[in-house]
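Sequence lines, in order, name chains A and B.
Start counting the first sequence at 1; every next residue gets the next number (the numbering used here).
Start counting the second sequence at 309; every next residue gets the next number (the numbering used here).
Derived from the structure by calculation, the hints contain no laboratory data.
Hints are supplied without guarantee of correctness; some may be wrong.
[Stated by the list, open to error] Per the computed footprint, the stretches of chain B lying under chain A, defined by three or more beta-carbons under 8 Å from a beta-carbon of chain A, are: (1) 321-331; (2) 373-381; (3) 437-445; (4) 457-465; (5) 472-486; (6) 511-519; (7) 528-538.
Fair warning: this is a prediction, and the values are worked out from it, not measured in the lab.
From the three backbone atoms N, C-alpha and C, an ideal C-beta is built for every residue, glycine too.
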Amino acid sequence: MVDSALEAPGAGSSLRRARLWLSATFWRHRWVRLAVLLLPPVLAFLVVYVGALGSLFVSAFWAVDAFTGKIIHVWNLDNFRDLFGSGGTYLRIAGRTIGIAAAVTALDAIIAFPLAYYMARVAKPRMRTLLLVAILLPLWSSYLVRIYAWRTILGHDGALNWLLNKVGIGDVDLLYTNWGMLIVFTYIWLPFMVIPVYAALERIPDNFLEASADLGAKAWRTFRSVLLPLALPGIVAGSIFTFSLTLGDFITPLLVGGGKNNFIGNVVEDYIGVNSNIPFAAAFATIPVLVMALYLIIARRLGAFEAL
Amino acid sequence: METRGARIGLRIWTIGALLFLWIPLLIIMVYAFDRSSIQTWPITQWTLHWFSAAWEDPGVRSSLWLSVKCGLLATGVALVLGSMAAFAISRFRFFGRESISFLLLLPIALPGIITGMALNSFYVFAGVPFSLLSIVIGHATFCVVVVYNNVLARLRRTSPSIVEASMDLGADGWQTFRYVLWPTVATALVAGGLLAFALSFDEVIVTTFTAGAQTTLPIFILDHIQRGQDLPIVNAVVFAVILLTVIPVLISVRLTRDTGVIRRR
Chain A
1 MVDSALEAPG AGSSLRRARL WLSATFWRHR WVRLAVLLLP PVLAFLVVYV
51 GALGSLFVSA FWAVDAFTGK IIHVWNLDNF RDLFGSGGTY LRIAGRTIGI
101 AAAVTALDAI IAFPLAYYMA RVAKPRMRTL LLVAILLPLW SSYLVRIYAW
151 RTILGHDGAL NWLLNKVGIG DVDLLYTNWG MLIVFTYIWL PFMVIPVYAA
201 LERIPDNFLE ASADLGAKAW RTFRSVLLPL ALPGIVAGSI FTFSLTLGDF
251 ITPLLVGGGK NNFIGNVVED YIGVNSNIPF AAAFATIPVL VMALYLIIAR
301 RLGAFEAL
Chain B
309 METRGARIGL RIWTIGALLF LWIPLLIIMV YAFDRSSIQT WPITQWTLHW
359 FSAAWEDPGV RSSLWLSVKC GLLATGVALV LGSMAAFAIS RFRFFGRESI
409 SFLLLLPIAL PGIITGMALN SFYVFAGVPF SLLSIVIGHA TFCVVVVYNN
459 VLARLRRTSP SIVEASMDLG ADGWQTFRYV LWPTVATALV AGGLLAFALS
509 FDEVIVTTFT AGAQTTLPIF ILDHIQRGQD LPIVNAVVFA VILLTVIPVL
559 ISVRLTRDTG VIRRR
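So that you can see chain A by itself, here it is in the shape it has in the complex (with noise of 0.2 Å):
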């Protein structure tokens, strides 16, 4: 290919020699190629983003006029006054949002572990690899889509209160409720606690379980001083998606919370767009913002970012 690459259509050429002259001061000046590939991309995250990021939570200090509807810049604490003020509700809608993420976070951390233990340490490669896939297609395919499909499921004439008469149950109505969110959530950022708690699983050297029956632990206590404490680091990784994806979402409570069971992202949703009041809808979104940011502190500690 390089030999191809020689006789190339002006090899010897005026052109080829300011070719090979211009390859040779880029390759001669790091800090050229490192600013022509970094400036593009860097500049264009910080304009955008990281300015507008920026730009939101300034807002949350300003006000809007109460008649036209327009930000006024006036410094001021009333969003967050209204925020704990207000008879509770925002701190009622704040507290379901962070209780239902923590129980989310919770009972994916239950269903993965043995399966990613399965995978990690039991299925042959070829199966493993199959797992992943599997696992994984449902991540990546629609998430309003797998939201939409539970409410199917849920609602009073869904697959869910079929099975259940069948086996003579009989209905049980879980559309518009908080356990019908957890069931939704839990649903939806499974895969996300899956693959790191896998992750870590595999990386434990077979030999420490060995040593540790050697040692005479029984099977409980092999996984409670062994298992567990190599695999935190992996639960954590995984809890960091599904503790602050959930905290984030309004699609769920929308269809599944059926609109009485607001999130905080509902009620930021509502004052961007109907009451347009951004500077409330900012003041609020950073509650979630400031749990997540003590979240990540908590993470970093217990090693979740090398597992990442």
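Assemble chain B onto chain A, guided by the hints.
Chain B alone, transformed into the frame defined by chain A:
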């Protein structure tokens, strides 16, 4: 190491989890063939009618076209910016390197609603009108990461000295790119691009904040689900969306069997 009983237990648990993951997808796909316009389970009468009905629906057509345009443009932006960043991060050591890779990860680490709100207030603030461009910018923020991750994983597995070898043998920068670098990253780029397209094609959260009055396919689906309108048509569209997102992912899994989605994340 595990006892026989433990193994059987683990296997049953795994099968159960897989059923939990797949049955809802299969059920919603089956609904596309339901003749009845009221959704009940089990389905009693079957039809293919809703596929042609969906194809002829002007709302479906226009939103599908908008989604395809957004997906292609966002993927294009992501391919350029993502691979540039991946080359810079993998081949250079410099101050702030870690912060830059963290910066690129932010759009998927932060909840989508934060990205959406931030862009929304930025557009309002900067006076950018809601248009195709405003959606594409929103989608590109999280598509860049996907391309970046794929190309970075590939570059980590190839030695930087192949470039030096090529230059030593007399190739200029273009030739080195064409005959050495391009063949190593091409499949990673295709894989990253397919994943980016799949992500953009069914994104709904960031889109609600950056689309204004425009309707992408996921927004069309969401509107109709919420209003309970034309659900059979929505079911046919959903069937197509599942195939349209799953097929690119399967192809990209094959293309990057040892560096791609399977290995990373």
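Task: Hint check against the structure, violated hint numbers in rising order - done: 2, 3 and 4
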